[in-house]
Each structure stands twice: as structure tokens, then as C-alpha cells.
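There are 2 protein chains.
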Amino acid sequence: MRTVKLTPETRKEILTSLLKRSTFQYGSYMDTVNRILEDIREKGDEALFAYTEKFDHVKLTKETVRVTPEEMEEGCRQVDPDFLRVLRRAADNIRDYHQRQVRESWITTREDGVILGQRITPLERVGLYVPGGKAAYPSSVLMNLIPAQVAGVKRVVMVTPPGKDGRVNPQVLAAAREGGVTEIYKVGGAQAIGALAYGTESIPKVNKITGPGNIYVALAKRAVFGYVGLDSIAGPSEILVLADETANPRYAAADLLSQAEHDELASAILVTTSPELAEQVSRQVDRFLETLSRREMIEKSLENFGYILLADNMADAVDAVNAIASEHLEIVTRDPFQVMTQVKNAGAIFLGPYSSEPLGDYFAGPNHVLPTNGTAKFFSPLGVDDFIKKSSLISYSREALQGIAEDIQAFAQAEQLTAHANSIAVRFEEEE
Amino acid sequence: MRTVKLTPETRKEILTSLLKRSTFQYGSYMDTVNRILEDIREKGDEALFAYTEKFDHVKLTKETVRVTPEEMEEGCRQVDPDFLRVLRRAADNIRDYHQRQVRESWITTREDGVILGQRITPLERVGLYVPGGKAAYPSSVLMNLIPAQVAGVKRVVMVTPPGKDGRVNPQVLAAAREGGVTEIYKVGGAQAIGALAYGTESIPKVNKITGPGNIYVALAKRAVFGYVGLDSIAGPSEILVLADETANPRYAAADLLSQAEHDELASAILVTTSPELAEQVSRQVDRFLETLSRREMIEKSLENFGYILLADNMADAVDAVNAIASEHLEIVTRDPFQVMTQVKNAGAIFLGPYSSEPLGDYFAGPNHVLPTNGTAKFFSPLGVDDFIKKSSLISYSREALQGIAEDIQAFAQAEQLTAHANSIAVRFEEEE
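These protein sequence lines map, in sequence, to chains A and B. Residues in the first sequence are numbered consecutively from 1, following our numbering. Residues in the second sequence are numbered consecutively from 433, following our numbering.
If you're looking for bench data, these hints aren't it; they were derived computationally from the structure. Do not take every clue at face value.
To be verified - Pairwise CB distance ranges (calculated):
hint	chain 1	residue 1	chain 2	residue 2	range
1	B	T541	A	G403	46 to 52 Å
2	B	E470	A	N313	54 to 60 Å
3	A	V102	B	T541	16 to 22 Å
Beta carbons are placed, not taken as given, at the ideal position from N, Cα and C, and that holds for glycine.
Model the full structure from these sequences, guided by the hints.
What follows is the structure in C-alpha cells.
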């Protein structure tokens, strides 16, 4: 891995380079995506099936688009029972963590008859996009389904592109069953996003769409934002390891590689104050590379978006961490919790030498759907909050309203909204 | 107002008609908006000032784009001191309500050294768009600023289009001061959204943009979503009054009119089980119209998007309420809290005869920035949650990691991610 001295200039260069991975770089695909969405909106199933035949090479009909109970059964039978047990244990941990995110509706009352509150209700229908092909991850199914389940969403609709044999990945089916979902449609790509946003004869319109996908899926999601809700726009995976001289270089190298293997756009960055560590990590990366199955992919992603950044001191290092706002951040320093207090922007923070990032991918419980590409500055990990909505509650007594009637009318008059003022006045006029 | 019998057909017609008000109907403006955004991105201030001259007829320079302390002072002096006191009282109520939304970071620990948690931190920089002209509402300034302040956002940047005299509305300045903001730029429209999203020489790039605006502002916000965070896409205002025979027709009529006066696209709908009430409300609306200052506007919006819907029974009425998912919902029935339990989708719910909607616009405390156009099915009122982000915290001891090492590796192998498995294995290998 290349080693770069951290300066304001190199920091800026690296940030610019990372942004090349943004979905905003793919504006030229937008016409294609818009055409697909428009077709789905106008022609429903007909267009949906035509695009599935074109892109996935599978012919669907109203009768075959949905995964049947028999297909579900057969798929799950193909999965190693040991793996099913692992899946179950992971699901338990994920459920446990997300249960802690559940929030209650609340009200506050005053003796003069004022009631104010915030009511929390689950979304009614959610669509979950699950990628197919090399990116078919059962863990991702659990991470999307369980928070929805915990939030109380009644109907979750899953879409996932079929393989060339017209079937859905068995592990994905097993994870769906673990997450309590049986409504699964064999469609993917921008056309599946369109179907969930607008509804077709076969596929119900949903209120919100979550789940990662390729660039067409990401662009289609952005195009329907506002028409439905979204989780966030997923980008390529990222890891940033912030380490001082106390870190084990072999662990750091292994963790950097674990993200670099995701795809060619993945990013793996070490920020360290220790020149010795920098050198050792670089060497360990080379050693591991010889043994890993996705070597080519990893080499490409390291070449494109892998850096070892040498910082003069921890303050500069943390500033860089905050500017990069990585999806995954490992803090491997003498006192990781203290360093964490300085971190402003990161999706998930892993503290100490035994908190390796893959722990968070599968098992610990926190969600692995995390903000990427600098969006940890404003987006959050997927969670129960993504599957609820709030309504304000307001109830006043006559007495309480009378007490502030003049103030409200003054405000309304100042904004020249006389019908607003009238709606208060009418309640205190003399009976006619 | 026209009275329509509620049937599945009329319900569908009305829903279709309301959606005509969606920003998605304005795709043809998108090219203009994209061009403006592109110009701002490439040319910064130069383009920003050129568009301000073109659209707002004001010449700006780096020296004059920002509101000076003197301009702030002068503006506030022009505002009636009585109104300043009303503003202060409203701000106190809004602050009080939003304080209750504040959430704490949390952790959970296990004796084997597992620490999991969720850390909440404020966004660093937020941009607030404040409309100018006829839609310059000081209440809106408070409703956006106070939750940001309560959340702990350090830097709030406000943009608002200048009047033809190059100045900012004095009430808006007074509200900004009340909300603790002094960084105000005299720019508006899509160009201001571009400046906040990309940054220019004069205007800092922010992490999130909130605040309502015209159609160009709404489309520009949607175009930069993902590059920055957004509150929601604001549409025209709406009120839905759900009433039975116990409701006062004069109050209901006054409340319907209070939203209809906002603009020609505003929607005011009464859903009732009582034919008598339907008739009386219709008559009262006509009577009030003769006295209200925005009569023409109101007549247009009632003609376009005003309905009295007669339902056979309360269950059908509530179903329609849930399908429409109104921004504001008043429940004026014999037992409004019981009816409320059936409501799934609404931005703010006003219960009982003395909870008129304008109470929520200014004074009660809950936010008046609410989901419109059916988006209450997935969006929520603006609040403290919009100005924070979450990070997951994960820390494992060696012992705890060892306990699940096999499971994680099994999961990683199932997903064919060997570098993921390696990152766990390396921590338990024999020392070399």
C-alpha cells in the first residue's frame, strides 16, 4: 500500500479521490434509469417482465414472479443446517441490539388542559432490495429485515434479481425466512425500484425502500426519493483504521484487507502517528495478499483507494478521520475510548484490538448498513428509526387557548394571514 | 365547497387530484435547475451573484452578500417590540417541546468485555433556506432554527433571497436573532441550494439543508440529496378536518380556510359522517369568505383542492384519512383521542374543538414543518432527530471475540469473503 504523509494538501487530494466513488459521478446513467422508471410507471408488469428478460435473462409471468412456498422450502433445504444455526444466532444478536433502539410515544400534560406529545407509529409497507449475483449477502437481508420487524412494520416486500436459472439464492431465502418475510419477488435493478415506488399489477407500492444495490439501483432510488422514503444511498464499502504505535500491524493489515475485498471501489485507509507501524502494516498486507482468494480485486481497490496516512500527531490524525467520515472506523490506540470522544463523523466505531470490523458485519448486533462516502456527516446506520414515523399531538382546552389567543393572532397578523387569526377569534366571539 | 360522497372511486379521484401538487409534476423544470446547480458548482460566487442579479434584481459582491451586524441591528429595530415579545414567547414554547425530543447516547456492557452502544452527535454545519417575498414567515425561521440549536449544531448558515431593495425582511432577521443565528446570506432559489451543497468562496458547504421554498428550491434540494442531507421535500399546505355531528361548523369552516389561504395549491378537506355538518360547514365557509383578506387565493385553492367528503361511517372516514395522510389533521369528534388511535398517517394531529390548526403554526411548541402530499406515510415532523446523526459503538474483549470467532468465520465463508474470515483468524493464530 502506498504511504503518504498527512498534510492539508494530501488530505484534500485523498478526499477528492474518494469522492470519485460517489453515485453523483454517474449522471450519464440517469437517462437510462429515468426511462426504465417511466416505463414501469406507465406499463407496470409488462415493462417489469420485459426488463427482467433483457437484463436477467429470465422470463417471468404474473404466476411466476413471486417466490412460492415450495421454492422457499426447497431453497432453505439446500442451506447447510450449521449455517442456519449461525444465521439464527446472528439474528438474535441483531434483534437484541435493535430492541434497544425502540422509542416510545410520549405526552406531556398541563393542568390547564394542554396536552402535547409525539406519537410513534411503524411504517405500513416497506420494500427491501436485496442484490443478487456476487453481492448476495444473507447478512444484509437480516440487517434490513430485523429493524423493520422490531419497529412493527406489518408488510415487508422483498425484491431480488433471479439467477439465470430463475431462482433466488438459497441463503438469501433462508435469511428472509429468519427475518419473517415470505413476500419475495424475483425482480431486480432499477425496474424493481420502480415497481416498489409506483406499484404494478403484481407488486404492491410501498412507503419506503431500503437496501443496497448497484449503481442503477442507487440512481433509481435517488430518483424516487420524496415519492417514497429511502434509507440512504449506498456506496462502496470503506474502512479506516486509526492506530498508534500500540497497534498490532498484523491485525490492522487483515482488517484493511477485509474491506478491500468487497469490490474495486472499496476503500481501505490506515491513519497512524507511527512510521514503524506504517511500514509493518504495508509489509503484512503484502504477505496476506498471497493467501487470499480475492487477490485481484483487493489489489485493484488498494491501488485505487488504499492509503497509509502518516500523521504528525493524534490531533491531525483525528481531524483527517473526521474529514473522511468513514463507514467503518477502527480505533486501535492506547486509549481508544478517549480518542473516540474526538471523533465526529463515522458510521460504526470499533474500539480496541479485538473489535475487528467483520465482527460488525455479521454478529455483534449493530447494523452493517452504514453511511458511506462521507455521508456519515449527516446519515446514520440503518435502524429502527428508519421504519417508524412520528406525528405531533396537540390538544388545548378552551381556557388554555384563550390564554394565548392574542399572541397567536398577533403572529398571524404579522404574517398577514387573516384566516389564521380568524380561526382563533371565532372560538371566542359572542354567540350570535 | 363541493360536497362529495366518500366511495372507493371518489377517494381514488381525490387522491389522484391531490398528487397533482407534487414536485414530481415539475420534471420539465429539472433542466433549468440542473444547469443552475452545475454553474454554481463550477463557478462559485461568480455564478451565484449572476443568478441573484437575474432573478432577484440585486447586485451582490463578496462584501455585500452577507448580512452585516449593522443590517441585523437596523432590521430588528424596525420590528414592533410587541411582536418581538410574542416571538420570544413562541420561541420558548418551541424550545420546551423540542427539548423533550433530545435523546441520549447509550451503551450496554457485558461482563465478558462486550460493549455495544449508539452514540449521538450533532451535525456540524446546517444550511437553512428561508423563503422571501409573500412567503417570508418568521415562524418558519424559529421552527427550523430551534431544533438545530437544541440538537447542538454549532454552525447554522441561513440563506434568504433579498427584496428588491437588497435587504432581508426585518421580521425574518428578528426571528433569526431569536434563534441565535447571525450568519445570513442574501441569496435564494436553486442557486442558494447549490451554494450550500457545494460551497462557494463566500458561502460554506454544509452537511444538511432544511427549510421550505418554491418549486425550484424543492427540485434543487432533491437533486443534491445524498451529497448533503435534507429535511424533506416541502409541498403546498394541507388541512384535513375529521368531524362528526358534535363538531362546531363555524370552527371547522374557519380552520379549513386558515390553510386554504396559504396558496392556490393548498388543500382543505372536511371528512365527516354528518350530512348536517357538511351543509353547515359549506355555508359558514361562504360567510367567512366575504370578510377575509385573501379571498381570491382561498377561492382558487378551494376550487382546486377543497372537498367536503361525506362518509357512511367513522371507519370509512378514518380509512380515507389514512389514505390522504394529511399534513395537518384535526379530529373533532365525540371522543377524539379514541379516534386518534386508528389514525396511521398524519403530520400533526389536533384533538378537540379548541385545538385549531394555527395554534400549531406559531405557538404550541411542536414543529410546523410537517410532511405534505401524502408523505406523512414515511416522513415525520422536523425535529431534533433531523439535526443529529448516530454512530454504532462496538468493543469486544479477546475472550468475547474468541467465543464467536467460529460463527463469524462460518458466515464469512458462506459469503465467500475470505479476507473477512482472516481478520478474525489472525487474532487467534499461534505466535510465529
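Tested hints:
Between T541 of chain B and G403 of chain A the beta carbon distance is about 48 Å. The supplied range of 46 to 52 Å therefore holds. In this structure, E470 of chain B and N313 of chain A break the distance hint of 54 to 60 Å, their C-beta atoms being roughly 40 Å apart. Between V102 of chain A and T541 of chain B the beta carbons are some 19 Å apart, a value that agrees with the proposed interval 16 to 22 Å.
Figure legend: structure checked against the earlier numbered hints; the only hint not met is number 2.
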